[in-house]
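Keeping their order, the protein sequence lines are chains A and B.
So the first sequence is residues 1 to 63, counted in this note's numbering.
So the second sequence is residues 1 to 523, counted in this note's numbering.
Read the hints as simulated data drawn from the structure, not as lab findings.
It cannot be assumed that every hint is accurate.
[Unchecked claim] One-sided excerpt, in silico: chain B residues whose CB lies under 8 angstroms from chain A:
1) Gly248
2) Val251
3) Ser381
4) Thr487
Being a predicted model, the structure only gives us computed values, none of them experimental.
Backbone N, C-alpha and C fix where the C-beta goes; we use that ideal spot for every residue, glycine too.
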Amino acid sequence: MPKWGKQIWLILLIKLFVIFVLVKFIFFPNFLKTNFSTDKERSDYVFNELINKSENDSITVKH
Amino acid sequence: MTQLLLNIDLSLVDWSRAQFALTAMYHWLFVPLTLGILFIIAIMETIYVKTNDPEWKRITRFWMKLFGINFAIGVATGLILEFEFGTNWSNYSWFVGDIFGAPLAIEGIMAFFMESTFIAIMFFGWNKVSKKFHLTATWLTAIGASLSALWILVANAWMQNPVGMQFNPITARNEMMNFWEVLFSPVAINKFLHTVFSGYTLGALFVIGISSFYLLKKREILLAKRSIIIASVFGMIGILMTIFTGHGSAVQVAKHQPMKLAAMEGLYEGGKEAELMAFAILNPKKTFDNEENPFLIKFGFKGMLSYLIDFNTQTYVAGINDLIHGNPEQNILSVADRKILGDSALNALLDYKKAVENDDEVLANNSLKIIDRNFSHFGYSYVQKPEDIIPHIPLVFYSFHLMVIFGSLFVLIFLIFGWLTIKNKIDNFKYSKLIYILGLLGIPMAYIASESGWIVAEVGRQPWVIQDLMTTSAAVTNISSASVQLTFWIFAFIFTILLIVEISIMSRFVKIGPEKPKNEGGK
Chain A
1 MPKWGKQIWL
11 ILLIKLFVIF
21 VLVKFIFFPN
31 FLKTNFSTDK
41 ERSDYVFNEL
51 INKSENDSIT
61 VKH
Chain B
1 MTQLLLNIDL
11 SLVDWSRAQF
21 ALTAMYHWLF
31 VPLTLGILFI
41 IAIMETIYVK
51 TNDPEWKRIT
61 RFWMKLFGIN
71 FAIGVATGLI
81 LEFEFGTNWS
91 NYSWFVGDIF
101 GAPLAIEGIM
111 AFFMESTFIA
121 IMFFGWNKVS
131 KKFHLTATWL
141 TAIGASLSAL
151 WILVANAWMQ
161 NPVGMQFNPI
171 TARNEMMNFW
181 EVLFSPVAIN
191 KFLHTVFSGY
201 TLGALFVIGI
211 SSFYLLKKRE
221 ILLAKRSIII
231 ASVFGMIGIL
241 MTIFTGHGSA
251 VQVAKHQPMK
261 LAAMEGLYEG
271 GKEAELMAFA
281 ILNPKKTFDN
291 EENPFLIKFG
301 FKGMLSYLID
311 FNTQTYVAGI
321 NDLIHGNPEQ
331 NILSVADRKI
341 LGDSALNALL
351 DYKKAVENDD
361 EVLANNSLKI
371 IDRNFSHFGY
381 SYVQKPEDII
391 PHIPLVFYSF
401 HLMVIFGSLF
411 VLIFLIFGWL
421 TIKNKIDNFK
431 YSKLIYILGL
441 LGIPMAYIAS
451 ESGWIVAEVG
461 RQPWVIQDLM
471 TTSAAVTNIS
481 SASVQLTFWI
491 FAFIFTILLI
501 VEISIMSRFV
511 KIGPEKPKNE
521 GGK
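In isolation and in its complexed conformation, chain A is listed as follows:
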């Protein structure tokens, strides 16, 4: 393999390590999978989010 090929492979492996090990596990845990153990708990959580984030007050529009 030529030298440039080895360099590219090295960059690729370092990058994959950073993405899959450092970035994924340290900074990007799956929020719902980490914090809830069953789909029922996850759906209840999102259900409450959908309800709570809504602003049910009617709005006025200038004409």
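Got chain A sorted already, so can you dock chain B onto it with the hints?
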């Protein structure tokens, strides 16, 4: 600039959006070149196999090397977007259910098995497998890359026009009812074709740009000329198809995302014979609720916008004010009306949940009917002010027009380069140097046009993460804004490093040039 930064609400939603935009835009720096240059390489290798001319092999291997650098640096950067869905956009990820997951899973399988298998043969198979087998691997890599793009674009198209699903109020998820409706929605078809053909155009402009560099330096003349011929023809097909499918996309935007179309054209007052802007400067004082002129300067074609979306100048095109205040004559509901319907769907969802818990079958059935009837307005429940449904007009407007202007210029570039090369005048033309500089400039212009297209598509659909069903504010996970800021800067750093590495390695290899021909004592 400072004032602009002070006016930005640096909330969790903004940081999450900024992070996603940063990741997506950096990712998109690598993807279109991969999509485009692979087909150019496959065409070059086909000529080599047909003619057995070693010069074509040398040319193929040179462009393959540049592709390899781009692929190695860019591959897997898109995976970070998938991580962000799970961490920053968990409400969205749950709400979309398997509709988003299925295409992404197919994309992963396609990308992994097809691309990685045949890329390995493409890079390491020279002299190890037969010429025809190697050529097949190159073509399959090219086709595989575009097919991988298909699935992610289908998922994106569903967000712009959600079809083929049913909302399940028990799980708070959308469930796919018709895979083919999702796959073959006109929005998905146009989005896929428009995106991949724009990638082919960018790949062709990249090849012309690098070839122009060699012509400017008076070296690698044969490689440059041969590459330009292939790239000009391929690029011309690419840009014409990009324009054609861009028109198809605009028709779909008019149907499903009229606010985006209004933003693209700065159209505040709707009407028949709607004007298409060729060039305009927006009036920064204009808002939806004042009487200011939308433009400081404008040059447009009256009736052309109506004609473009329906081949009829008398077709009504909705303006921003129609979509805010409603227009009964055109059957357009106001934001206030749609919010009432969205609230009704949301309240019915709450009632349904209670009814199921209390075994109240009558209330459950009634609630379900209300949800089904009003679900297409569900997201309006999260809209607090009418103007919340207006995207950032200047960003969408200028990005759209920049993309169109550059796209038109690309037609000219392919024509000039193709014609001069075919006539064998590319290196002895009076204004050759100017043409080479134009060719070189084509590379940054292609990237700017490509990124602008995504800005139009994604900023233009704000505030919706799923059109009319979910806003970005409802989609975001309640996590610390500080953690999103931290990862934003980490990504900004990592991606900038990757970009610098890519540009420096590519520049080095372009300067070195292709392998020397065997009879000159090279490898």
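Checklist entry - Where does the structure disagree with the numbered hints, that is, which hint numbers, in rising order? => result 1, 2
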